[in-house]
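K.L.:
As a plain string of letters, each chain reads:
Number of protein chains: 2
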Amino acid sequence: MAGPRGEYRKTAERRTQILDAALEVFSKNGYTASSVNEIARVVGISQTGVLHHFTGGKMALLRAVLERRDAAARELLGDKQGRDFLRAMVEVSRTQRAQRGVVQLYTILAAEATDPDHPAHAYFTERFQVIADAVTRAYEQVRSDGGLREGVDPRRAALSSLASIEGLQLLWLDGLDVDIAEDSARLISSFLIEPI
Amino acid sequence: MAGPRGEYRKTAERRTQILDAALEVFSKNGYTASSVNEIARVVGISQTGVLHHFTGGKMALLRAVLERRDAAARELLGDKQGRDFLRAMVEVSRTQRAQRGVVQLYTILAAEATDPDHPAHAYFTERFQVIADAVTRAYEQVRSDGGLREGVDPRRAALSSLASIEGLQLLWLDGLDVDIAEDSARLISSFLIEPI
Numbered sequence: 664m665a666g667p668r669g670e671y672r673k674t675a676e677r678r679t680q681i682l683d684a685a686l687e688v689f690s691k692n693g694y695t696a697s698s699v700n701e702i703a704r705v706v707g708i709s710q711t712g713v714l715h716h717f718t719g720g721k722m723a724l725l726r727a728v729l730e731r732r733d734a735a736a737r738e739l740l741g742d743k744q745g746r747d748f749l750r751a752m753v754e755v756s757r758t759q760r761a762q763r764g765v766v767q768l769y770t771i772l773a774a775e776a777t778d779p780d781h782p783a784h785a786y787f788t789e790r791f792q793v794i795a796d797a798v799t800r801a802y803e804q805v806r807s808d809g810g811l812r813e814g815v816d817p818r819r820a821a822l823s824s825l826a827s828i829e830g831l832q833l834l835w836l837d838g839l840d841v842d843i844a845e846d847s848a849r850l851i852s853s854f855l856i857e858p859i
Numbered sequence: 664m665a666g667p668r669g670e671y672r673k674t675a676e677r678r679t680q681i682l683d684a685a686l687e688v689f690s691k692n693g694y695t696a697s698s699v700n701e702i703a704r705v706v707g708i709s710q711t712g713v714l715h716h717f718t719g720g721k722m723a724l725l726r727a728v729l730e731r732r733d734a735a736a737r738e739l740l741g742d743k744q745g746r747d748f749l750r751a752m753v754e755v756s757r758t759q760r761a762q763r764g765v766v767q768l769y770t771i772l773a774a775e776a777t778d779p780d781h782p783a784h785a786y787f788t789e790r791f792q793v794i795a796d797a798v799t800r801a802y803e804q805v806r807s808d809g810g811l812r813e814g815v816d817p818r819r820a821a822l823s824s825l826a827s828i829e830g831l832q833l834l835w836l837d838g839l840d841v842d843i844a845e846d847s848a849r850l851i852s853s854f855l856i857e858p859i
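So the protein lines, in turn, are chains A and B. Residues in the first sequence are numbered from 664 upward in steps of one, following this note's numbering. Residues in the second sequence are numbered from 664 upward in steps of one, following this note's numbering.
To be clear, the hints were calculated from the coordinates, so they are not data collected in a lab. Keep in mind that a hint or two might mislead.
Identical copies go unnamed one by one, so any copy, or any two together, can satisfy a pair.
The list that follows gives simulated cross-link-like pairs (lysine to aspartate or glutamate, DMTMM-like), each with its CA atoms no further than 20 Å apart [unchecked claim]:
(1) Lys691 to Asp780
(2) Lys721 to Glu701
(3) Lys691 to Asp778
(4) Lys673 to Asp742
Using the sequences and the accompanying hints, generate a full structural model.
P.N.:
Laid out in structure tokens, this is it:
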């Protein structure tokens, strides 16, 4: 008999299936042209079944897909500090080279969400603030360790690194000859005495 | 009596009025929520009147607004070369600090257009290629003049500058403490022996 623990596991598995399908559908069609109905079809359940797990509908699914991506990045970053943190940032970009669909989805949503009325606006502004602060701390740590080039301000270096990562993703998606991991590594290294 | 020349001037004026209205409406509501009808209302003409000048409808209006923005940038860049070209790029960013609506519109459309099926996809990929090539030539010129730092590759510097400008716009729109002109100038200067 499936006890509460079994039920919980089943729910988690179903949520994972739904998010895999949402990512597949969003990446293939883009967010606007995707429907909860199509995502349900990929999972092989009804639309009501999807909405049972994600009551907020399509936007809730998108948010969950992006949060899962953030969780994967957080796993790579762990509690790393200083140079190790900066190296892990590049590692995150490296894994994203194999996930064009997610990067595109993220890029479109981040741009749409610059509109203060967009439902994901608070999510993105908060997310950028949190990341910018974490990267600033990493450069400060490098400075404490004597590894920062003279005249480099940790906050400006952090914002420049973050802007570069966002911009490289856009240029990469549009077919320019950039490498979202190696070009980020080059910029980050330009702030350091020893390249990462 | 209005001869052909008078007619031509009248048409040009009407097109300018329509584009001013389109920019106003797009910037206020975002592209998706805007309608040709509302743009027509702002001009004080009928929807048919707008479509007479822009047969491609809303997407044609957006494209024309963006092309007008590009034309303004081209005017600042002129036939400048080397350091002067790089300085003019920063000047373009400086003028954009006063045009949040246009920058937001551009950012959203550039992201949406990463989708190969998007009607503006060719426009953006081509545009990025043209700009990347022009910036590369500027850094090559600086190198010829002996002003490039040792070990800096003009192509990588150009793509890094372009990525940075795109990324800074996104962070700026989301309220981060960046200056789209001064932070670009700092990055560009990092490739040069003398800051611009």
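K.L.:
The structure should be examined with respect to each hint, and the outcome stated for every one.
P.N.:
How the hints compare with the structure:
no.	hint	verdict
1	Lys691 to Asp780	between (26 Å within a copy, 11 Å between copies)
2	Lys721 to Glu701	within (11 Å within a copy, 28 Å between copies)
3	Lys691 to Asp778	between (24 Å within a copy, 10 Å between copies)
4	Lys673 to Asp742	neither (31 Å within a copy, 65 Å between copies)
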